[in-house]
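A.B. asks: Please model the complete structure; the sequences and the hints are all you need to start from.
Each chain, letter by letter, is given below.
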Amino acid sequence: MTTFLPFIILGLTSGAVYGVAASGLVLAYRTSGVINFAHGSTAAVAAGIFYWLHDEHGMAWPFAALIAVLGLALVAGAVMERIAAVLARVPTTLSVAATVGLSIALTAVIVIWYGPAPLQFPSFLPSSTFKLGSVLVGYDQVITVAIGIVAVASMSLMLRYSQRGRAMRAIVEDPELLSLTGLSGYSVRSLAWFISTAFAAISGILIAPSLGLDGTLLTLLVIQSFGAAAIGAFSNLPMTFIGGLVIGVLSALSTKYSGTNDWLQGMPQGLPFIVLFVMLIVLPRRLLVELGSAVQERTIGRVTGGRAARSSKAAVAAILLLIVPSVVGAHLAVYTLAAAYLIILLSLSLLVRTSNQISLCHMTFAAIGALAFHHLTGSVPWVLAVLISGLIVLPVGLLISIPAIRLSGVYLALATLGFGILVEQLFYARSFMFGDALSLATPRPSFASGPKAYYYLVVGFVVITYIAVRAIEQGRLGRILRARADAPEALTALGLNIRSTSMIVFAISAAMAGMGGALIGPIFGVIGQSTFQTVPTSMLLVVLLVLGSRNRSAGTLGACMIAAAALVVVPDYITSGTLQSWLNVLFGAGAIEVAFAYRGYGLSSRIKRLRSPGSPIAPDQPSSRLSVPILIEAPK
Amino acid sequence: MLELREAVAGYGDSTVLRGVSIEVSAGQAVSVVGPNGAGKTTLIRTICGLLPVRSGARIIDGVDATAQSVHAIARAGVCHIPEGRGVFPGLSVRDNMMLFAGSDGKRTAVERGLSAFPQLTKHLNQRAGSLSGGQQQMLALSRVVVSNPSVVLIDEASLGLAPVIVDEIYDFLGRIVSEGIGVLVVEQYVTHALRFASHVYVLQRGALVYSGAPNELGSQEQLFERYLEGDLEQSRST
Amino acid sequence: MTTDTGLTVENLTVRYGGHVAVSNVSLSAPAGSVTGLIGPNGAGKTTTLNACFGVVKSAGEQHLFGVNMTRKGAVGRSRLGMTRTFQRMRLFDTLTVEENVSMGREAKAAGTTWLTQFVSSPASRRQCEAATRDALNACGIEELRDRTVRNLSTGQRRLVEFARAIANEPRFLLLDEPSSGLDVRETEGFGTVLESIVRDRGIGVLLVEHDMSLVSRVCRYVYVLDFGIKIFEGTMSETLTSPLVRAAYLGQELTDVPAGSDA
Ligand SMILES: Nc1ncnc2c1ncn2[C@@H]1O[C@H](COP(=O)(O)OP(=O)(O)OP(=O)(O)O)[C@@H](O)[C@H]1O
Ligand SMILES: Nc1ncnc2c1ncn2[C@@H]1O[C@H](COP(=O)(O)OP(=O)(O)OP(=O)(O)O)[C@@H](O)[C@H]1O
Ligand SMILES: [Mg+2]
Ligand SMILES: [Mg+2]
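The listed protein sequences derive, respectively, from chains P, U and H.
Counting along the first sequence from 1, when you hit position 436 you're at 463 in my numbering, and nothing is skipped either side.
Counting along the second sequence from 1, when you hit position 77 you're at 76 in my numbering, and nothing is skipped either side.
Counting along the third sequence from 1, when you hit position 63 you're at 194 in my numbering, and nothing is skipped either side.
Wrong hints could be hidden among the right ones.
[Stated by the list, open to error] Incomplete in silico selection of chain P near chain H, CB under 7 Å:
id, residue
1, 494
2, 503
3, 521
[As the list claims (entries may be wrong)] Within a straight-line C-alpha distance of at most 35 Å, the following computed DSBU-like cross-link-like pairs (lysine-lysine) qualify:
id, chain 1, residue 1, chain 2, residue 2
4, P, 340, P, 479
5, U, 121, H, 188
6, H, 188, H, 203
7, U, 105, U, 121
8, H, 203, U, 105
9, P, 283, P, 158
Derived by calculation from the structure, the hints in this document are not laboratory data.
For glycine and all other residues, C-beta sits at the position ideal for the given N, C-alpha and C.
C.D. replies: Shown next as C-alpha cells:
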C-alpha cells in the first residue's frame, strides 16, 4: 500500500486541478451550450500572466495570482459573453470551429510572447511537508486540493439553489424567454463566463509548476479535463470534480507502471481520452442531450448561382491546378502536399459541410492510410496500394461511426478528438505503427517518379475524389444527410435507418482521407511520426474548412482549395516563426468571425452598417431568418 | 397602461406591421384576431420588445419605452407568454415557477402556480420538457399568476389544451381582469376571443381593419365575412 | 384479432419511473377509417402513440395488419407501413417544401440497406416524384413548393408535415394534434383532405386531437383516456353525449357540436 500512496496523493493533487478546470468547462457549457475548446489556452494565458507578474516582476504570489485570475476573468467574462451569445445560435460545426480557432490563436499568442521553448515555472506555493502515516504530503498539495473542493462545491450549490444558478441553467435553453422574465441575458452569461474563466485560470496557475510554461502542453493538459467532464456527463459539477480526481489518480498510477510495463506505454497521457471516449460510448443517450440545441440553427441554407456559374468556377479551379508546376518553381513539393491535403479536406467536407458533423481525427485516418501504404508498397502495384490503403482505413471509419450513431454535435467532436489523441498516444510508438523508426519508405511510382509527374498524379486523384464527393452531395445520400441534420427522428419515422447513414458517410470519408494520407508519403519519399501532427492539424483542418466556406459562392472545391492553401502553401512562403504564429492568430480570429457573419454580425455587415447607420447591432435580437448566410452548398 | 402608437416592425428586410396602434389599459380584456400570417405574433413581440419598433412609439404607464430592452419592459410588469414554447424544458417544473417569479416572489411562487394549475402538483419535480404538450402550456400560463404582472400578453392561449381546460383558462383570465390586470389574448378560436374581450382588434396583413367592441364587430357582418369567413361559421354554430 | 384490423394495441402499459402514464389500454383502429383518441392534457395520448411507434418502453402487445410488431423498433415499425406526425413538428427546416415532402417517399425507398441509401435508381426517383406531386396536390400546397420550410406560418408547416406523411404512402398513419396552430378555415380544409385520403387509399388513421369540431367530423369511433386509463369508447355521437366524457374532457362548451360523419 505504501508504495501506492505517494502516487495516489500526487494523483489527487493533479486530479483536483483537472477537476477545477473541468468544472469551469462544464459551467460554461451549461449556460451557453458551447464547449470551450479554448479553455486550456485560457489557463495557459493565466499562467503566462502570473509568470510575468510573479517571476519577472517579483510581485508576491498571492497578488499575482489574484490579478491573473480576476483580471483575466473580467476581460474574458465580457468578451466570451458576446462570443457565446452568438455561438449559441449557430450550427455546432461553426461554434466548435470558433472555439477551436480561439484555442489555436491563444496558443500562438503565448508562443509569440514567451517563445516556442518552454520556460521553467518555479513552484510558488509553500513547499514544506508533513507526514501522513508513512508518506510525506506537501502543504502545496493540501492547498491545491482544498482550493478545488471549495471552488467546485460553492459553484454547484449556487447553480442548483440560487436564482442566478437557475437562470444560468435556463438561458441556454431559451435566452428570449429568460429576458421575458425580467432577467438580462448579458448579466447571466457574463457571470458564468467570469467564473468559468476564473476556474481555468486557477487550474492553469496551479498546474504550471509541474509542467513549465509551455503553451501547447498546458493547452493540451487542461483539455484533458474533457475526460473528467465526461464522467460528470457534462452537467454534474460534483461528479465532474470526482472524475478529475479519478483521472488524476489513474494517470499517476499508470505512470508508476508504464516504466516497467511496455503495454502501458503512453497510458498516462492517453488515459483521460480513453475515459472520454469510453464514457461517450457507454453513457445513456438521455444524459448526453445537446444543450441549447433548441435555439441553434441546424444547417444552413443553400447556395445560389446556376450551372453556368458552377462550371466557370470549376474551369478556374482546373486551370489553377494545371498551371501550378510551371509557375511555382522550387515550391512544387508544397503544392503537391496541398493537393494531397485537398483530398483529405474534400473527405472532411462530406461531414462538416454536408451533414453538420465534425471529425477532429481526420489526420488520424490519413496517418493510418499512409502507414498502410508503406506496408503495401513493393508488394502490390502502386496505384492499387493507394486504393487498398483507403480500404484499410474504412473499418476505422466504421469504428468512429459507433459514437457518430449515438452522438451529435459537440459530443461527436469530442469523441473524435479523444479517438485521435488516443491513437497518437497509445499506438504511434508501437512497432506496428511508426515504432522507433524515424522514417519509413514511401516511394513514388515508377511511372511518375519526377516531382512534376507526381504532382499531376495527385491532382488526378483530387479530380476523382471531387467527382465522388460531388456525386454524393447531389445524390440521395446528400439529401438524406442534409435532412438528418435538421430532424433525425422524422427520418426514422419515415422508415429510414439513420445508423447505416452514419456508417456509410464515416466509412467513405475515412477511406478518402486514408488515400489522401497515402499520397502524402511519396512526396518526401519517407514518412515518420512527425509527418502527421494529427491532433493540431485535424483541428486546423476544421477551422480552415469553415474559414474557406465563409464565402458561399466558393463551393465545395473552392472552400477546400482555400483551406489547403492556408494550411500548407501560405506558411511555406512565410519563413519567420513569429509571422507563422501570427498567421495562426489570424485563422483563429477568422473562425470566430465566420460564426458572427453567419448570424449577420460579420465584419462586412458591420462596415456596411457604419456606412449607413440606423440599425443597431444586438446579438440578442434574432437576425432575419431570410438573410442567413450559407455554409453548406447544396446542389440545385 | 400599455400602448403602441403607429408602430412599424418586421424581420430583416421585410416589414410586417404597418403602423398599428393598440392599447391595453388596467383591468381591460382585449383580444386580437386575424387570419394566419396576419402579424399577430409579430404584434405581441413588438409590444414586449423582442422586436424593435422601427417607427412609432411604445408607451408604458405614460412613459416612452420605445428603446427599452426586453428585460426592462418585463420588469415594468409586462408579461408575455410566447406562442407554443413558454417553458424552460431542461428545468424542473418547480425551478421554472421560481424563475418566473423573479427575485421577489420566489418563496410563494410554487404555491401560487399550483393554486392556478393543481394538475401540475404531481409533476413538480419533473423536467418541464417531459410534460405533455398541454401541461407545458399550463406551466407557461402559470407565469401569469407567479410573476405579478400588470399587463399580460398571451399568444395562442388555448394551444394544445383540452376543451375543459380552455374553459377554465378563460374563467381564470376573467378573474385576473377583474383584479385590475390588463389582458391581451391572441386566439385561433374566435368564439372564445370574442366572448372574453371587451375590446377587439382585427388584424389583417399587418394593419388594423377593426378596433372596437365585439358586439359591434358582430354587426359588421360584411367585414367579418371578408376577413374571417371560416371563423364566422364556427361562431354561428356555437 | 383479425388481419383486416389495422392497428391493435393490447394491454398497453407505460411507466415513467414511478408514474404510470398509460395503464392497461387496449384499442383497435381499423383500416379505411379514422379512429379518434382524445382525453384531457396529460392523459397519455402522445405516450400511447410513442408506444405504438416503439420509441418508449412499454408492456403489452401491438399488431399492425396482423403482424406482431411488439419487439420492433421505430424503423422496423415504419417499414411495416406505418408513419406518424409529431405534436412538436419535426420538419427539415432548411429544405424546401418540395424536398421535405419528397423525403417522405425517399426515406422509405432508401430504407435500411447501404446500397439503397447511397444511390437511387431511376425507377425509385420517378416514384418519389409522383408521390411528391400527389401529396402536394392533395394538401393544396403546390404554390409553396419552393419556399424554405422555416419561413412558413405554423399552419402551413402543419400541412407540410402532413403532406410528407402522405408521400410516405403509409398503410397506417398516427397523427398527433395535426390541427393545432391551424385556424378554423385551415382546420376545415385539413379535415377534407384527411377524409379523402382515407377514402381513396383505404388507410387507417389514429388521430389525437383537441379540436372537437375536427374530431366529430372525421372520426367514426373514439377512445377516451384519462389519467392513463381508458374511460370510454364508442361511436362519435355516443361519446359526445356521454356524461363521463363531458365531465372529464369536453366541459360545457361544445355540448351541441353537430354529430359528424359517423351518423
Ligand atoms: N422570422 C421571420 N422572418 C421573416 N418573416 C417572418 C418571420 N416570422 C414571421 N414572418 C412572416 O411575418 C408574417 C406575420 O407572421 P406572424 O407570425 O406575426 O403571423 P401570425 O398572425 O402570428 O400567424 P399565426 O396565426 O400563423 O401564428 C408572416 O407572413 C410570416 O411569414
Ligand atoms: N419522460 C417522462 N417522464 C416522466 N413523465 C412523463 C414523461 N413523458 C410524459 N410523462 C407524463 O406522462 C403523462 C402523459 O403524457 P402525454 O404526453 O402522453 O399526454 P397527452 O395525453 O399527449 O397530453 P396532451 O394533450 O397535453 O398532449 C403526463 O402526465 C406526462 O407528464
Ligand atoms: Mg402567431
Ligand atoms: Mg400529447
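A.B. asks: Against the earlier hints, flag every one the structure doesn't satisfy and list their numbers going up.
C.D. replies: 1 and 8
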